[in-house]
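Put together the whole structure using the sequences plus the hints.
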Amino acid sequence: MRLDLRGFQRAKRAGLLLASVVIVAASFTAALIEHEMHVANYYLSVSGYSIRSSSVFDRVVLGSSKPVAVMFESPTCPVCKRMYPYWAVLEHESDRLPIRFLHVMFSPATQDVFMRYHVTDTPTFIVFVNGRPVARHVGAFGGSNITNAMLEWALFSVGAATVSEPEKLAQEGCACSTSGARPATGR
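Taking this note's numbering as reference, the numbering of the sequence shown is continuous, increasing by one, and the terminal residue is 189.
The set of hints was computed from the structure by calculation and includes no laboratory data.
Every residue, glycine too, gets a C-beta built ideally from N, C-alpha and C.
There's no promise every hint is true.
[As the list claims (entries may be wrong)] Ranges between beta-carbon positions, derived for each pair:
hint, residue 1, residue 2, range
1, D123, K68, 24 to 32 Å
2, A28, R138, 38 to 46 Å
3, D123, S29, 30 to 38 Å
4, R54, N132, 18 to 26 Å
5, G65, Q113, 15 to 23 Å
6, V62, A28, 38 to 46 Å
7, V136, V91, 21 to 29 Å
8, Q113, L18, 42 to 50 Å
Below you can see the structure in the form of structure tokens.
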């Protein structure tokens, strides 16, 4: 019987290489999970314009005399992460606008609100007037100025704008002018 030292050395190197690849992959996965948790924690900790429970939603949105536009989002939604910075601009400008802008992050405390308004996809944007939903947009807004598209859609939804380009409304959200005239649609 002869001992094969070369085969043993090759197997040893292959084993070390495999162990190294597994360690690198595990480290990369851990770093990726840590990053995603950091992003999710940021979204969960946003305050000021964030609705954190069903009771707060009922009080703030349904009890408002001013129209309210709400972004429904979830912490793992990549489209929500892309749309939220544009929505946040409108949230911060809400005091100067005829519509208040808020957002609701999906959680056990807000699950009831998502079910009540049949929000199954995120992001979903709903405009409320006198506590009743009057308009809904599901998915991303498009166009070269996303913040403006969001604002114009919300203004059009409450009748504070008219559509200047109906084709763009269907494709990108809204291309409205804030003339104050009620839209000539049969909503």
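Taking the hints in turn, this is what the structure says about them:
no., hint, in the structure
1, D123 with K68: 24 to 32 Å, "holds (27 Å)"
2, A28 with R138: 38 to 46 Å, "holds (43 Å)"
3, D123 with S29: 30 to 38 Å, "holds (34 Å)"
4, R54 with N132: 18 to 26 Å, "holds (23 Å)"
5, G65 with Q113: 15 to 23 Å, "holds (21 Å)"
6, V62 with A28: 38 to 46 Å, "holds (44 Å)"
7, V136 with V91: 21 to 29 Å, "holds (22 Å)"
8, Q113 with L18: 42 to 50 Å, "holds (49 Å)"
When held up to the earlier numbered hints, the structure conflicts with none and fits them all.
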